[in-house]
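J.: This is what each chain is made of:
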Amino acid sequence: MDISTEAKPETIELKGRKVVAGRAEGEALVTTETISGWGGINERTGTVIERRHEMRGVSFAGKILVFPGAKGSSGWSAYFHMTRLNGVQPAAMIFTRMTTKIALGAVVTRVPAITELDQDPLSVIETGDWVVVDADAGTVTVTKKKPA
Amino acid sequence: MNLTDHEKAMYDGEHGRAKARAMDLLVRYGEALGAERLVETNNVAGAFNASTPSVQAIAEKGMEHVYSELNLDSDEVVEVPHMVAHTCQLITGIDNDNWELQGVDKSLVDMQRANEKYLGRRGVNMFATCTPYQVGNVPVKGEHCAWMESSAVIYCNSVLGARTNVEGKESTGAAALTGRIPYWGFHITENRRGTHLVELDIEVDDMMDWGLLGYYIGEVIGEEIPVLKGTGRQPDLIKLKHFGAAAASSGGVEMYHIPGITPEADSIEEAFGGRSVKGTYRYGAKERRETYEKLQSSTEKKVDFIMLGCPHNSIDQMALIAHMLENRKIHSDVQLWVHTPRAIKQVAERNGYIDTIREAGGVVMSDTCPAISRRLPAGTKVIATDSAKQAHYLPAITGVQGWFGSVSDCVDAALTGQWNGRV
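Residue numbers (my numbering), protein chains in the order written: chain H, 1 to 148; chain C, 1001 to 1423.
Bear in mind the hints are in silico, worked out from the structure with no lab data behind them. Bear in mind that the values here come from a model prediction, so they are computed numbers and not experimental data. Hints are not guaranteed to be accurate.
What the hints assert, rightly or not - Computed far set for chain C versus chain H, every beta-carbon distance over 12 Å:
(1) 1058
(2) 1151
(3) 1166
(4) 1199
(5) 1203
(6) 1273
(7) 1300
(8) 1320
(9) 1326
(10) 1377
Unchecked claim - Only pairs whose alpha carbons sit at most 20 Å apart, straight line, appear in this in silico DMTMM-like list of lysine to aspartate or glutamate:
(11) H:18 with C:1206
(12) C:1141 with C:1270
(13) C:1294 with H:50
(14) H:18 with C:1031
(15) H:15 with H:118
(16) C:1294 with C:1264
(17) C:1294 with C:1349
(18) C:1294 with C:1206
(19) C:1141 with C:1036
(20) C:1381 with C:1359
(21) C:1302 with C:1219
(22) C:1141 with C:1031
(23) H:18 with C:1036
(24) H:15 with C:1031
(25) H:18 with H:118
Virtual Cβ for every residue (Gly too), placed ideally from N, Cα, C.
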C-alpha cells in the first residue's frame, strides 16, 4: 500500500505571544463573538448564557476556547475565576483583542493563554479541530478535523 | 517586568506574605498585558465584600480565605494587613436594611456584615455604591487609580481626567495592599486621545436624551474613544453619569471627550491630539428614535416594578422624585424602588425626601441594585426604568420585559400601573 496517497490530517502552526504560561491540548471551540463574564456565563457549568450569543447554551469546559476576547462588566475575571474553582474552566484560551478584562481573566483562570498570532485564529481554527497550545514556546498547532 | 527596589522587596516577601502574593498576581497580570512596569496608585475602588451564595463556602473557613482566593488569586491563605492605598468598596449584593424586601437569606446578610467588619478595620471604606465619585472619592486630573465598575471607570477617565483601566476583583485586591497597578492602557497619555468623531444634529438636553446618546455611541463605537461635537447646553454630573453608564453598557467605552467640557481637551483638535480620525458618526432625530426603540424590550403596557437610580441617584435626583411623589400614592399593583448611595440617603432622610417617597408607597434602597443582586420583587414580569443600563441588563439577566423612559414617565407608570412613555 502506498501510504503517500492516504489522506493525512492537515496540520497548521501559528506563532504568537504568551499571555499565561503552560501547555494544553484539546478540541477547539471557536466563536467570532466576544464573551461577557458577569451576566454572560454560568460559572457553575461553564456555559454561555447571554441572549442572542451564537454560543448560548454551549459549555467551554475543557475546550480550547478560541474567541476575540472579553466584553462587558468588570466582573469578567471574577466569573472566569469561579469557573476554575468549580472545575469547568476552558483548557486554554486563544484570543485576538487584548484588554485588561481578558488579561486578568486568563491569569486567574490559570490556563495556558496566547494572543498576537501571526494568522487569524478565528478563521484558521474551526470548532472540532484538535489544538495544542504551548504558550511558553508561543505556538498553536492545529490539526484539522476530518471533513464530515 | 521592571520592578523598583521596593516592588522587588514586596515580591520577595520582605513586607509579608499578603503583599508577596499581591505582587505575584500583579506581575502575572502585567506580563499578560505586555506592560513594562507598574505605576503607583493611592486610589482603589474594588469588589471586596462577600455577599453571594457562591462565596459562602469559602467565607465559612474565614474571611482571610475569601481575600486570599478571590481578591489575590492565591492558593496560600494569607493574613490580610491594613490596606496601603486609599480603598473603597463599590456596589454590593445586599441592602443592609432592606434585605428582607429583597428576599435575601439571613445567613447571607450575617456573612456580609461580618465581612464588612473584617474589611472595614483594614481600611476598605464601605461606600457600597457604583458611584464613589458622588460620596467623597473624587480623584483629581492625572491621578492614577485602580477602579472597577464600568460606569465609574468612564466617569473617572472622561469627566475627572483621572486615569484607570477597567480593573477586576483580583487586581484591585492586589493594588489595595501594594499601592501598585500595571502601567498600561489609560494610564498612558497617548492612549487617551480620541479615535472617532460623533457630530450631533439635535440638541441633547435632559437625562433621558443623554442616556440615549450614550447607548447609541456604545453600539456604534464599541471600545473606541468618541469625541462629541455639538452637544449644546452644559451637561451636569447627573447627565454625564447616565451617559457614560449607557455607553459602557451597549459598548465598552471607557473614555470620551467633550471638547470645552471634559478636562483633557478644549478643542476637537486637542481631543484627537494629532491622531487621525478613524471614523465619523452623525446623531440626529432618526438615530435617537431608533435607539429609544432598541431599549424597549416589552410589549405589555401593564407594569409591576419601577426601578430608579442606576447609576445610584444624586441628592438632586432624590429631590426630584420626592417632589413628583408629594401627596400621591403609587398604584397598588406596582412596587417602586429608588436607589441612592447610603451617604446620600442620610441627607435625603434629613431633607424629608425619604419620608415623602415612603408615604407614596416607594422604597429607598442603598448598597445594591437589581442587576447586581439579581433580585426583584416576587412575581415581577414587566419593569420600567429611567436607566439605559438597567434596561440593557435586567431583561437579559432576570428574564423580565423592560420599558425605558424619562424619570417622569417612570413615576407616571408607578402612579398609574401603566406604561405611557413616549419619545
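J.: Indicate, hint by hint, whether the structure satisfies it.
T.: Here is how each hint holds up against the structure:
no., hint, in the structure
1, 1058, "violated, 8 Å"
2, 1151, "violated, 10 Å"
3, 1166, "violated, 5 Å"
4, 1199, "holds, 26 Å"
5, 1203, "holds, 31 Å"
6, 1273, "holds, 22 Å"
7, 1300, "holds, 18 Å"
8, 1320, "holds, 28 Å"
9, 1326, "holds, 36 Å"
10, 1377, "holds, 20 Å"
11, H:18 with C:1206, "violated, 48 Å"
12, C:1141 with C:1270, "holds, 16 Å"
13, C:1294 with H:50, "holds, 17 Å"
14, H:18 with C:1031, "holds, 9 Å"
15, H:15 with H:118, "holds, 6 Å"
16, C:1294 with C:1264, "violated, 32 Å"
17, C:1294 with C:1349, "violated, 36 Å"
18, C:1294 with C:1206, "holds, 19 Å"
19, C:1141 with C:1036, "violated, 23 Å"
20, C:1381 with C:1359, "violated, 25 Å"
21, C:1302 with C:1219, "violated, 29 Å"
22, C:1141 with C:1031, "violated, 27 Å"
23, H:18 with C:1036, "holds, 15 Å"
24, H:15 with C:1031, "holds, 18 Å"
25, H:18 with H:118, "holds, 13 Å"
Going through the hint list in order, the structure does not satisfy hints 1, 2, 3, 11, 16, 17, 19, 20, 21 and 22.
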